[in-house]
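Heads up: the protein sequence lines correspond to chains A and B, in order.
The opening residue of the first sequence carries number 1 in my numbering; numbering runs sequentially from there.
The opening residue of the second sequence carries number 1 in my numbering; numbering runs sequentially from there.
Simulated from the structure, these hints should not be mistaken for laboratory data.
All clues given are correct.
Taking lysine-lysine and the BS3-like style, the derived pairs with C-alpha atoms no more than 30 Å apart in a straight line are:
1. B:K303 <-> A:K303
2. B:K163 <-> A:K163
3. A:K224 <-> B:K163
So you can see what is in the structure, the chains are spelled out below.
Protein chains: 2
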Amino acid sequence: MDLQRRITSLRGEFLLFALTPPRLSTAPEKAQEIADITFERLEPLDVDGLILYDIDDEADRNPEERPFPFLPTMDPANYLDRHLETWRTPVVVYRATAKYTEEELRGWIESQDTATRMAVFVGASSREKPVATTLRRAQQLRAEVGPDLLLGAVAIPERHTRKADEHLGLVAKQKAGCSYFVTQVVYDVNAAKNLASDYAYECNDRGLDPIPLVFTFSVCGSMKTLQFLRWLGVDVPRWIENDLRHADDTLDTSLEHAEATALELMSFCRRLGIPFGINVESVSIRRVEIEASVRLAERLRGKLAR
Amino acid sequence: MDLQRRITSLRGEFLLFALTPPRLSTAPEKAQEIADITFERLEPLDVDGLILYDIDDEADRNPEERPFPFLPTMDPANYLDRHLETWRTPVVVYRATAKYTEEELRGWIESQDTATRMAVFVGASSREKPVATTLRRAQQLRAEVGPDLLLGAVAIPERHTRKADEHLGLVAKQKAGCSYFVTQVVYDVNAAKNLASDYAYECNDRGLDPIPLVFTFSVCGSMKTLQFLRWLGVDVPRWIENDLRHADDTLDTSLEHAEATALELMSFCRRLGIPFGINVESVSIRRVEIEASVRLAERLRGKLAR
Numbered sequence: 001m002d003l004q005r006r007i008t009s010l011r012g013e014f015l016l017f018a019l020t021p022p023r024l025s026t027a028p029e030k031a032q033e034i035a036d037i038t039f040e041r042l043e044p045l046d047v048d049g050l051i052l053y054d055i056d057d058e059a060d061r062n063p064e065e066r067p068f069p070f071l072p073t074m075d076p077a078n079y080l081d082r083h084l085e086t087w088r089t090p091v092v093v094y095r096a097t098a099k100y101t102e103e104e105l106r107g108w109i110e111s112q113d114t115a116t117r118m119a120v121f122v123g124a125s126s127r128e129k130p131v132a133t134t135l136r137r138a139q140q141l142r143a144e145v146g147p148d149l150l151l152g153a154v155a156i157p158e159r160h161t162r163k164a165d166e167h168l169g170l171v172a173k174q175k176a177g178c179s180y181f182v183t184q185v186v187y188d189v190n191a192a193k194n195l196a197s198d199y200a201y202e203c204n205d206r207g208l209d210p211i212p213l214v215f216t217f218s219v220c221g222s223m224k225t226l227q228f229l230r231w232l233g234v235d236v237p238r239w240i241e242n243d244l245r246h247a248d249d250t251l252d253t254s255l256e257h258a259e260a261t262a263l264e265l266m267s268f269c270r271r272l273g274i275p276f277g278i279n280v281e282s283v284s285i286r287r288v289e290i291e292a293s294v295r296l297a298e299r300l301r302g303k304l305a306r
Numbered sequence: 001m002d003l004q005r006r007i008t009s010l011r012g013e014f015l016l017f018a019l020t021p022p023r024l025s026t027a028p029e030k031a032q033e034i035a036d037i038t039f040e041r042l043e044p045l046d047v048d049g050l051i052l053y054d055i056d057d058e059a060d061r062n063p064e065e066r067p068f069p070f071l072p073t074m075d076p077a078n079y080l081d082r083h084l085e086t087w088r089t090p091v092v093v094y095r096a097t098a099k100y101t102e103e104e105l106r107g108w109i110e111s112q113d114t115a116t117r118m119a120v121f122v123g124a125s126s127r128e129k130p131v132a133t134t135l136r137r138a139q140q141l142r143a144e145v146g147p148d149l150l151l152g153a154v155a156i157p158e159r160h161t162r163k164a165d166e167h168l169g170l171v172a173k174q175k176a177g178c179s180y181f182v183t184q185v186v187y188d189v190n191a192a193k194n195l196a197s198d199y200a201y202e203c204n205d206r207g208l209d210p211i212p213l214v215f216t217f218s219v220c221g222s223m224k225t226l227q228f229l230r231w232l233g234v235d236v237p238r239w240i241e242n243d244l245r246h247a248d249d250t251l252d253t254s255l256e257h258a259e260a261t262a263l264e265l266m267s268f269c270r271r272l273g274i275p276f277g278i279n280v281e282s283v284s285i286r287r288v289e290i291e292a293s294v295r296l297a298e299r300l301r302g303k304l305a306r
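Can you make the complete structure from the sequences, with help from the hints?
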């Protein structure tokens, strides 16, 4: 069953792998080289789909110094068209809607082959940011000009921890036409369970079917990567930080943790009847961390009822 | 191996059952009847020890209305002497030190048979409370007049969630002569792991051996009991509350949750080399909830390496 069917039939149990496009300054030949390596790495994984992130400078969201410097990256839609066009599964392209005019977004939506392309729209990272198109408006545009393009939205368990209303946000996005959600990287399994549970019961109260929640996982190979995860807004529990800090092999230990967290969430969602997907990324660009993320995806693939 | 040896040799893996003494207004014959029923219920459990709580009116700690009215209870030391004197394992008697004068505490400590009696000293529940003897002073008294009486202290994972310094408090209590800790009821496994982990690594940094952490569990048979748990200061995660609220059988579901939480903490502590004990209580006085707590203790007993 293909990814779109797994989503629209509320079956879930699919595997995605997420990539960040190369830096904007990358020469075309180098970008193709990177894409080729990615092909080689991911082909054997047999994922149901790829995700391409749309990276925005989120410095305004977080006053702390970014552990890794921000360097603008290629537009994911361009990277896909120029270097990954032969990839054989659906690709989910993120769009940070604030960056694009309505015209640009409309043009992009209209030109997508909905059999092989999907989208996730992301709102502005802070209220201070100049906004070319709001998330709400982008969702309307898609409903008008590209209702067949499967649209997703982000789900942030950490926001639910702080404000306890993220489940209501999910229901609103679902009503605006979204058919799946993708979380940011999950380290706090309790926060993810709280959000999934509140969302499922809210759907139940309103007579809605919950749509697939895609949980994202990433390994962490160093304290610097952990610091970066925190900067990105990921709650890393103290006990996991301690385990990683004192591990003989931080990366291996993190792989074990991520696998355990994913399996716990999978069985939790199955028990509650919430359709779910798994998404794996590497927040770090170090080769060993990318390779460990591929191993994580490999392990989780075997646990999905695909 | 008896309870004291399991504690002082840092072996852990022991099982306790905690009781609240009957109401102060209970007639002696009725109190004996209650004690007899308790004997009957707990004898087959083969626990390593009993705990008797010293209930204090904690209304000053929490401005919210108490879900169950506060009624003064018998002094645990009196209840023990008058009605449970033939119980054959060690008994841990709680002492809310603020309630007793130094003289009373000294007399009590001196008169204890240290082969069969242990103590946990608890400080005042708020800063506003009149304090006859501070926790610190009570700990000094015991060091002076009853160093062989094994002393414990309370450990509050929820405090660690708020202030992230409870592990330092545990080390200070350990230095003041405590040889074990007893938590309040645990529903938030993540909070308990954070505290256990921070405590273990703090010990490691200071060249100390961690002493046994006794984790307390209680079932919850109704939303009223859940409300009471929260009033007592227990963090009950949203997803567990949702599960309980929508369960066909709240009590059974809660029993499953408590067992899973306990098993997770047990394997966590074994992996980190933290000695631990298990304590089961019923925060409710309803018979079905007490009996379910006994079943919980029974299940957990089989998982301990006693």
